[in-house]
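Read off the chains here:
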Amino acid sequence: MKKTGLSIQILSSVLKVVLLYSILTLLFTTRSFAREAVERGILDKKVTLTIKTENFKAALQKISQVTGVNFSYTRNTIPEKEKVSITANDETLASLFSSLFHPFSIQYEAVGNQVILKKMELMGLLIQQGIITSSDNEFIPIKGTVKDAEGKPIAGVSVFVKGSGKGSSTNAGGVFTIDANPGDTLDFSIMGYQPVSITVRNRDAIAVQLETDIAGLGEVVVVGYGTQKKANLTGSVGVVDGKRLQNRPVNNVSQALNGTVPGVTIAYGNNGFEPGAAPSVQIRGQGSPYVLIDGTAGDINTLDPKTIESISVLKDAAASAIYGARAPYGVLLITTKSGKANQKPQVDFSINGGPTTIIRKPHMVDSYTFARAINEMHDNQGVARLFSEETIDRIMAHINNPGLPETVPDATNPTKWSVYQLSNGNNDWVNVHYGSGFRTQENVSVRGGSKDIGYFLSAGHAYEKGPLQMVDDKYNRYNMNAKLDANVTSWWKINSITRLTNEVRNRPIYNGEGGYGMLIHQIFRTHPEVYLKSPNGYYSQLSRVPQMRAGYEKFTDNNLMQRIATEINPLKNWSINADYSIDYTINNHEGLNLVAYEDQVDGTLAPIALTVPSYIAKDKANNTYKALNIFSTYKFDIATNNHFALMAGYQQESNNFDYLGGLKRELITPEVPSITTATGDMQVFDDLSHWATKGYFARLNYTFNDKYLFESNIRYDGTSRFADGKRWGFFPSVSAGWNVSKEKFWQQISAYVPYVKIRASWGKLGNQNVSAYQDLALLGVRTNLNWIFNGRRPAYTLAPNLINPTLTWESSKTTDLGIDLGFLNNRLEVEFDYYERLTFDRLGPAQALPRVLGATIPLENNSELKTRGWDFTLTWKGKASKDFSYSLSANIFDYKNIVTKYPNPTGILTTDYAGKYVGEIWGYETVGLIQTQKRADEINSGKYQSFINGQVWRTGDVEYRDLNGDGKINNGKNTVNDHGDLTVIGNSTQRYQIGLNLTASYKNVDLGVFIQGIAKRDLWLTGNIFWGFNQWNQSSLFPNHLDYYRDADAIKYSGLGINTNAYFPRPYSNAAQYAKNQQVQTYYLQKGAYARLKNVQIGYTLPQQAMSWLKLKRARFYFSGENIYTLTKLPVGFDPETAGLGEFGNGKSMFYQAIWAFGLNISL
Amino acid sequence: MKKHLIIVFSISFLFMAVSCSKDFLDRPPLSQIENEAYWKTSSDLEKYTVQFYNAFPAFGTVGSYMGLIGWDGTRGSDVQISASPSTLWNGTNQPVTSGGNWSWENIRSVNVFFKNYQKCKDPFEKYKQFLGEAHFFKAWFYFEKVEAYGDVPWFTDPLEIGSDGLKKPRESRVVVVDSILSNLDRAIEYLKPLKETDGGNNRLSKEAALLFKSRVALYEGTWQKYHKNTPFGTQGADQAKYLRAAINASEALMSPSFSLSLYSNNEPANDYCKLFSLINQSNNKEVILWKAYSVNLQLSHSFQIYVSDRTAGISMTLQQVYHYLDKTGNAYDYYNIGKTVKGNAFLNKIGSDCDPRLSQTIWTPGGIMWDNGFGKGVFSQPFLDKSGESLNNTGFQIRKGNDPKDPQAGSGVSWNTSSQTGAIVFRYAEALLNYAEAKAELGEPVDYAKSINLLRARSGMPPFKIQKDPNQLRYADYGYPISDELFEIRRERTVELGAEGFRYDDIKRWAAHNLLKGKRPKGYPFNAADWAGRNINYKTDADGFLDPYVGQIPNGYGFNVGRDYLESIPLNEITLNPNLKQNPGW
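Residue numbers (the working numbering), protein chains in the order written: chain A, 1 to 1164; chain B, 10001 to 10586.
Pairwise CB distance ranges, derived in the manner of DEER restraints:
hint: 1; chain 1: B; residue 1: G10366; chain 2: A; residue 2: G515; range: 43 to 51 angstroms
hint: 2; chain 1: A; residue 1: I675; chain 2: B; residue 2: N10054; range: 25 to 33 angstroms
hint: 3; chain 1: A; residue 1: Y584; chain 2: B; residue 2: S10098; range: 43 to 51 angstroms
hint: 4; chain 1: B; residue 1: N10054; chain 2: A; residue 2: A411; range: 39 to 47 angstroms
hint: 5; chain 1: A; residue 1: G515; chain 2: B; residue 2: S10098; range: 27 to 35 angstroms
hint: 6; chain 1: B; residue 1: D10157; chain 2: A; residue 2: Y584; range: 45 to 53 angstroms
hint: 7; chain 1: A; residue 1: P405; chain 2: B; residue 2: S10103; range: 47 to 55 angstroms
hint: 8; chain 1: A; residue 1: P905; chain 2: B; residue 2: N10054; range: 34 to 42 angstroms
hint: 9; chain 1: B; residue 1: K10121; chain 2: A; residue 2: I564; range: 49 to 57 angstroms
hint: 10; chain 1: A; residue 1: D966; chain 2: B; residue 2: I10161; range: 36 to 44 angstroms
hint: 11; chain 1: B; residue 1: K10405; chain 2: A; residue 2: W922; range: 51 to 59 angstroms
hint: 12; chain 1: B; residue 1: I10161; chain 2: A; residue 2: W922; range: 25 to 33 angstroms
hint: 13; chain 1: B; residue 1: S10098; chain 2: A; residue 2: P405; range: 48 to 56 angstroms
Calculated from the structure, these hints are not laboratory results. For every residue, glycine included, the Cβ atom is placed at its ideal position computed from N, Cα and C.
Build out the structure end to end from the sequences listed, making use of the hints.
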């Protein structure tokens, strides 16, 4: 053992010397350096000593006592009164001397045991010393030190004279000398710090301070239950600096996260871009990640983006394995800001806000065009026209004179206004309902610290008003955070985090018909001739305005999280941590449904039947989440360069959910909407559930000389969701890294590629996020049978479900290979990861059984899915001068999911099958629209397409391609082996996702540009927003929809004139007829690729003079534009990020919006 | 020292936290019931069987918004149509890959009851009604299967994963029907008579089981008779046995031990229509089972809108109208009258000349569509010029069930759902018609006085008589000869049960595809003068009657005789269970 340690030590010493030598030969070096190196001897002696704020002379005496060297110097060579502190832990004297003497421009030279100290400023002296010769006349070394923000010297910083190729680097004391002249610009760079350029003014020593670079390698990255230097990471971890999430006028973190880290995607819900839209986040294309906020599970979208310090995205199994079955799909570790001890108080105030406008807002055609087109559709069908000539005459009159009423009394019932196709308005309902919205965000925070206490307090507010203009549609969020760190004793720390969130979402309830999705659906299917206001001046029922305004829906979500953590350090390098959190969520929902009214011809208001009776519904859900973490870390070294870290711990979580909801009908007065003040029928429901997990985990880290890195995690997890005996799972991972650039053979190359690290990882994870009680036969209990007995609708029960007692963990194995590279003095950094994930024992539908079973077949652990993908990041840090700096980072990633095992022996296409690429779209190939009657006759007589529709095919209908040449268009047996003329025509997976971030600053002006996009994606869109024509009452025509096939001349009351070279097929009013042309097919498959200018930000920071006059630390104002340009080929009405969404069909979600916001950041 | 104390204390506390909760991961359900804990009381059994009441046809559960009133139109028939031809009668259906009517959830659920009900601790008397209901529903769900598929596998117990039953072959339909009838016999035995049920005629009763038995038995008896020697008949089936069972069940209902009678206020001009428009049927002696609605209980529908100023796109046809005799009980020459009297005048004329049930089934000009908060709506002419849910494309627009006083009649907007008109599931009149038909089919003398004549009398029509209508092949060419008596009995059934959803089944059991094949449904004699200034896009046939489907099926319905009487077994099911054999022709 001892021998090994010793030999490693020797090896490392040798390597050190070789390394130093290589650098010296590779780089342009001064001879003084060379001389120091050559004349070593005593200087290589290692010492361990501590000197605390002693004066210089006393320090020298102490060094003499410890090391036995004698110092000789002339008077004034040393600064006698300066106080110095030195800590040397097994350092060479050379290193010690450099850090001690160079800051004071003292040259040292060792002769035997004697160390001679000299002032360095004299040319003559140098020449006399033989350090330079007189032919080196122009060579005057410039000296300086490079330190970090905390004043510690940084070794190994590259220093270059701009434009000359001359270079040097700092020694262990952070000191450098370089051949440069006043007027030259020196570039300083090193991994982990932001590069700096400094112009040499005179020959004084230069003091350079480097700021740590958050995305750089010196950065400490938050990982599961600890931190790790980025350079020492072996897993795949992406880091987002909190600064990137701020100053963007978006209201939650996941929206801002989009495009920042390769592998991370977000997806909006069915309501699209509604106020406060909280998209879900996905890492590497599957499932949802485990989100930990300061170590406690939480909801990413309840956070104030301003309070975030950084987000670590743990992508591969090695990085997330410490969370075992809690993190099958990666982890988001969110660290919020904190104060530090001994930090001066800083107050930050920020605000931004601006109007939002709809991107690519569609418009409806005028009602005359609409009526003729719809009549033509009915002509095609061979049924009566929808619009009578009398109505069309009224429509034309109204268009010519908008002062005329939009409707007339109904001929069959003169007390009512004519509705639907009998009215004669001319309304673009998109314009009627959608205007502009508004967003603001404000935040104020204070951070600082006294001797043993650091604090951070923040209060924020976000507000958004949606673009619906006839009704209140808004979102408010209030965040308050308090974070306290205290050192109770030198070995005991405590930390408290309190986070309160109050979210209020107000939206129209759209009484009785359905929620937000239905409202949007209704707007899009309302015909333009429907009247907005009656001649009496009241909004019509079909305008939907009365119902929208009759009541409201209000969601109030309160979240209170308190976390107490403690850390004890019984010994140096040993810490014991424990934390306990309670996260308490109260979700309140209130739905007030009032009676809406519509006027009759005589001006009296009649209740709209569907809104009668009024009722109030209230729901409350309490969720209590408790988590306990205990873990302990011990770090130790074996011999010099063998660093070990051991961590082991325990986690337990429990969750209780308690829902109570009720409603009561017939409110006495709309002014007092409460259950007490309603008199009608009452209903009450509840729902209770709970779950718990336990996990034991451990980690071993080993690094050798920062060159060879190794890590292993294990986790043993249990969950209440599975039956006893199936509930525990074991999840291991291993990973390794190799810093190739630290190998001596790399020295030749390191000038060009100074940093190379290769990583490899493997791990297994589980998924406990399944519904509970799948192993118990439970009877369904329902209230309000749809049958009345004795004046009551009784409660009733349903047959118990079938169960699968063998249900267990869904698991995944991930292999990740990564390489990190640095070029051009590490200005250019490249990261590449390739991964393969096999998800096995996936919970899926069991193998199909005959339906006579009569019950849903319980899920089984029976399928496998393979994901292959890669992530690529490129970061370029532009050379900085005092006035100008810039940076560029780009990421691109891609993955494919392939079903590798699935219980589908017949290969039927209605479900997954082995070999299926997830997202693949099966469809027919389109020949085109049938152009000649001859061709139509052939198709009809040969019954070529009668599988799709047995009725007559006409010109303008779609002709499909007979791919298998059997003369018939059909789907065969609809199986993989016999799919007839179906073929895979596309894939809806988002491919080659790109994020591009550019920043630049010149003097006080800064610019940021952020572009995000997808290079490849196919979308099959359905419904009236795509096709325009649908059923007569589900049609909405935008100008692009008018390019439909027509072979009849336009007449006054029907048709728009011949258009046989059309995009859309001949429209029909009957489902069976139009569906035949809307089969999934190549011609109408849409390209979902896009590039979006997500954010452009131009900022101006007030100059220093103004600051001191205003007594501010910093003030910046900016314009920030969000989503201001989109490149897409989708038809109008569809946004590439929300096209497939909508509860009632594609495109029927809230429009995507752009915002131009003005913002202000002030620091006191 | 203090430091060590704190550390030791902390560590032992943490160990306690880790090790204390042994049952931490046991989290039983909090708001759900395990099967083992159920089935203990008669109330448990009742709560379980009432779930099946949802299966009865009613407004919103079958067909269009019109429920049973429009069901023949949505399913397709000769007498009632929707805007497009039925794909079934047109022979353009494709074999289904999966789904269709091949769903077995209800049958499994009923079998779960039979497997568990004996755990009940209460005395038999207390739960026999619910056992009777379970038997009834088992029969109900199986009859649906027989109608759709003919032969089907019979299951006594709920199937489990791995049950042999999953691979069971189909059972002959007569075996299945016999089992249905025996379940109904148990239901008749256990169910309480109407006067004793808890819930009146909203609840299943002995009477309901008897009526349903007569329906099933008549169906199977006539099916086997008319499909004999076709791929759809069963070799050696005893049709007479079923007809006899139908007679027995009907006669039992007609006996005085049940106090059933036809609804009448002695207003022949209104009684028939009113019968279907009542909100409360609980005192109606004709109604054996109905579904009640209540806006206050949030269970209501939109039927009244669709029999007033909308149509749900469903129309009656000339073929239906032809069936109505004139007021004197003689055949009426609609064909020749229609050549001269057209449009509104035609509707007016037949309304006053014919069986009062005609003008109570379809609208004739002057009819009051609504008389409520929306004012008074008068039917002036059929909605030929409308479309979609307001379209009438024959001129014969459905009135049956209209209640002008209903607050939603004439409301104009389709999604108002606050009509409370009760939905009749079983009514006594069917028993009288089943009786007469079964008797006639067996060749036995029919007692018209206690059956059909009661129906005639309610509507002010003279008693039943046998006659020969020279026009009969124009509207009721069954494709095979039947006696004049049976023709008249079928006429009575078509008239009395018109627009109640019976026609679709009747055509099938009568093997009467000839009513449709090669033919198109027709409308009234069109009169362009009624539509001056309005563009009506309809064609008429050579005789001047509206021909709404001429563009869509120029050659008439293309029913595939050797195939379309039964549905295709889903192809997937045959793949999964090779013992299942496909139906003929598919």
